[in-house]
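2 protein chains.
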Amino acid sequence: MNFQLRKQHLLTILDEHGSVEVADLARQLQTTPITIRRDLAQLAAKGLVVRTHGGAVLPRVAKDPVAFARKATAHLAQKEHICRLAAAQITDGDTLFIDCGSTTFPLCRLIRHRKLRVVTNSLPVLFELAGSAVQVVVAGGEVDAERQAMHGLVAAEQLRRYQVDKAFLGVDGLSLGRGLSANSEHEASISLAAAAAARHVYLLCDSSKLEQDKYFQFAPLSLVGTLVTDPGAPAALLAQYRKAGLQVLA
Amino acid sequence: MNFQLRKQHLLTILDEHGSVEVADLARQLQTTPITIRRDLAQLAAKGLVVRTHGGAVLPRVAKDPVAFARKATAHLAQKEHICRLAAAQITDGDTLFIDCGSTTFPLCRLIRHRKLRVVTNSLPVLFELAGSAVQVVVAGGEVDAERQAMHGLVAAEQLRRYQVDKAFLGVDGLSLGRGLSANSEHEASISLAAAAAARHVYLLCDSSKLEQDKYFQFAPLSLVGTLVTDPGAPAALLAQYRKAGLQVLA
DNA sequence: ACAGAAATGAACACAAACGAACAAGTATCC
DNA sequence: GGATACTTGTTCGTTTGTGTTCATTTCTGT
Numbered sequence: 001m002n003f004q005l006r007k008q009h010l011l012t013i014l015d016e017h018g019s020v021e022v023a024d025l026a027r028q029l030q031t032t033p034i035t036i037r038r039d040l041a042q043l044a045a046k047g048l049v050v051r052t053h054g055g056a057v058l059p060r061v062a063k064d065p066v067a068f069a070r071k072a073t074a075h076l077a078q079k080e081h082i083c084r085l086a087a088a089q090i091t092d093g094d095t096l097f098i099d100c101g102s103t104t105f106p107l108c109r110l111i112r113h114r115k116l117r118v119v120t121n122s123l124p125v126l127f128e129l130a131g132s133a134v135q136v137v138v139a140g141g142e143v144d145a146e147r148q149a150m151h152g153l154v155a156a157e158q159l160r161r162y163q164v165d166k167a168f169l170g171v172d173g174l175s176l177g178r179g180l181s182a183n184s185e186h187e188a189s190i191s192l193a194a195a196a197a198a199r200h201v202y203l204l205c206d207s208s209k210l211e212q213d214k215y216f217q218f219a220p221l222s223l224v225g226t227l228v229t230d231p232g233a234p235a236a237l238l239a240q241y242r243k244a245g246l247q248v249l250a
Numbered sequence: 001m002n003f004q005l006r007k008q009h010l011l012t013i014l015d016e017h018g019s020v021e022v023a024d025l026a027r028q029l030q031t032t033p034i035t036i037r038r039d040l041a042q043l044a045a046k047g048l049v050v051r052t053h054g055g056a057v058l059p060r061v062a063k064d065p066v067a068f069a070r071k072a073t074a075h076l077a078q079k080e081h082i083c084r085l086a087a088a089q090i091t092d093g094d095t096l097f098i099d100c101g102s103t104t105f106p107l108c109r110l111i112r113h114r115k116l117r118v119v120t121n122s123l124p125v126l127f128e129l130a131g132s133a134v135q136v137v138v139a140g141g142e143v144d145a146e147r148q149a150m151h152g153l154v155a156a157e158q159l160r161r162y163q164v165d166k167a168f169l170g171v172d173g174l175s176l177g178r179g180l181s182a183n184s185e186h187e188a189s190i191s192l193a194a195a196a197a198a199r200h201v202y203l204l205c206d207s208s209k210l211e212q213d214k215y216f217q218f219a220p221l222s223l224v225g226t227l228v229t230d231p232g233a234p235a236a237l238l239a240q241y242r243k244a245g246l247q248v249l250a
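For the protein sequence lines, the chains are D and F, in the order given. Here the first sequence stands for residues 1 to 250, numbered as in my numbering. Here the second sequence stands for residues 1 to 250, numbered as in my numbering.
Quick caveat, the hints were computed from the structure, so don't treat them as lab data. None of these values were measured; they are calculated from a predicted model. Quick reminder that beta carbons are idealized off the backbone N, C-alpha and C, glycines included. It cannot be assumed that every hint is accurate.
Stated by the list, open to error - Label-pair distances were calculated between CB atoms; the ranges are:
1) R109(F) with G47(D): 49 to 57 angstroms
2) P234(F) with K46(D): 16 to 24 angstroms
3) P59(F) with H53(D): 46 to 54 angstroms
4) A23(D) with D92(F): 25 to 33 angstroms
5) R242(D) with D92(F): 38 to 46 angstroms
6) P234(F) with A130(D): 22 to 30 angstroms
7) A250(D) with A145(F): 31 to 39 angstroms
8) A133(F) with E80(D): 30 to 38 angstroms
Stated by the list, open to error - Where chain D lies over chain F, by a calculated footprint (3+ residues, C-beta under 8 angstroms):
9) 40 to 49
10) 144 to 154
11) 240 to 246
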């Protein structure tokens with residue numbers, strides 16, 4: 001097998017699957033990973049593929065929603081901390097709801113390998129978990145291109161039909177006085193539907209959003225079972241949330 | 001074997017395979033590698049081949065390996081032809097259903113830029129059209145990881161709620177005697193639901209699938225409005241399909 | 001947060017392929 | 001018949017592609 005044929009084959013596979021892995025290719029093409037990596041490096045130099053750690057993807061796919069969700073989100077360290085706390089609450093066999101948004105997204109990485117069922121309306125979550133050990137269920141309906149999620153009536157309606165053990169919700173603002181608030185009514189209706197379907201509601205909310213009210217208030221604090229936030233939150237404030245009846249993790 | 005004949009033979013092989021190896025040619029043509037290399041050098045000087053280490057490739061392969069790699073996938077040329085015909089049937093403003101499967105997928109590339117609404121249960125379709133000019137609507141439900149699509153009860157039920165102008169369906173088998181057949185009941189139920197919701201049903205089916213029955217027969221030919229296939233289909237056979245009441249494009 | 005695993009790239013080694021130069025064989029022309 | 005042009009094969013030093021080792025980076029799981 002010469003290198004031209006190999007690259008040809010490589011591009012074929014890539015075109016069929018959208019992504020390839022170095023180890024797989026090395027096995028299929030009867031060669032070593034280093035050779036595949038060199039091939040990919042050449043193709044990448046020409047812009048025909050985009051390298052990833054462990055493989056490559058089509059250039060089009062590289063701009064995908066997952067990358068979009070991953071890149072340069074504000075407060076990433078806090079969000080990862082929050083998601084680790086959240087992941088610790090999950091038991092194998094659980095059915096979860098994962099909300100769309102940058103706060104909840106890092107949770108996907110932490111649960112890829114576990115035996116779970118995840119209901120979601122978020123495209124990045126869907127793409128991140130598709131092909132993993134997790135069984136994914138999608139809330140259908142119209143795709144909101146800006147938010148990379150399904151936000152319509154149908155999505156909310158469908159969510160109500162599922163019974164989930166734990167819902168992990170994001171929110172735009174949260175305050176003791178006015179409860180949960182959002183920048184969009186659509187997001188709010190999805191959150192409400194998911195909360196209604198869940199045995200326990202976890203609100204994932206970094207400390208910068210505490211005591212912030214956004215334009216649309218849609219639920220009282222009592223909707224939430226557990227507030228998951230980061231150590232940046234003042235202890236006194238968290239104590240007040242606890243007094244209001246919430247379990248608090250930080 | 002003289003010089004001219006050798007070069008001719010060489011170009012023939014190159015045309016068939018897209019690439020050649022010096023060592024192989026030397027063996028086949030009962031000569032030594034240096035001779036082949038000199039031949040290739042001459043052809044390369046004229047631009048008829050592109051030299052590589054150990055062999056040569058067609059110029060068009062060297063120029064656009066991606067396009068060439070695509071052609072290598074099964075029946076892809078036919079599928080692209082079919083999708084071009086299908087795309088010509090689409091009017092701006094239409095709402096479409098696009099089925100999952102390799103036959104219908106190339107349609108996405110052809111409509112990315114158009115003002116359309118597309119309902120689908122296919123993840124690759126969703127992926128390809130997310131972020132394009134097309135408004136995407138997803139049939140929700142459980143994700144079938146192997147088929148990269150939603151195939152459950154919920155998906156079928158949701159599809160019935162949408163009214164679409166044109167449904168573009170794929171199928172595993174099709175015959176005059178036994179109608180449409182599939183390899184999976186789930187796929188069949190999605191196809192039926194989409195067909196029921198559509199004003200007009202286009203069946204995209206390359207000629208290799210004509211008069212092939214698969215294990216699960218799920219609908220009569222009358223479900224289909226228009227059969228879109230490729231020129232590889234025998235004219236006499238297409239005439240019979242026309243007689244059976246289908247519009248046929250090839 | 002931390003430790004272990006996997007992937008990566010650089011440096012080196014080896015084999016295959018390469019081109020240049022030269023030698024040998026064949027056809028053509030005077 | 002001998003000179004010439006042309007093609008083919010051989011030798012040898014060089015280049016190119018591939019595989020191995022190892023330190024480093026990146027990812028993943030507890």
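For each hint, the structure was consulted:
no., hint, result
1, R109(F) with G47(D): 49 to 57 angstroms, "violated, 18 angstroms"
2, P234(F) with K46(D): 16 to 24 angstroms, "violated, 42 angstroms"
3, P59(F) with H53(D): 46 to 54 angstroms, "violated, 35 angstroms"
4, A23(D) with D92(F): 25 to 33 angstroms, "violated, 45 angstroms"
5, R242(D) with D92(F): 38 to 46 angstroms, "violated, 57 angstroms"
6, P234(F) with A130(D): 22 to 30 angstroms, "violated, 40 angstroms"
7, A250(D) with A145(F): 31 to 39 angstroms, "holds, 36 angstroms"
8, A133(F) with E80(D): 30 to 38 angstroms, "holds, 35 angstroms"
9, 40 to 49, "violated (count 0)"
10, 144 to 154, "holds (count 4)"
11, 240 to 246, "violated (count 0)"
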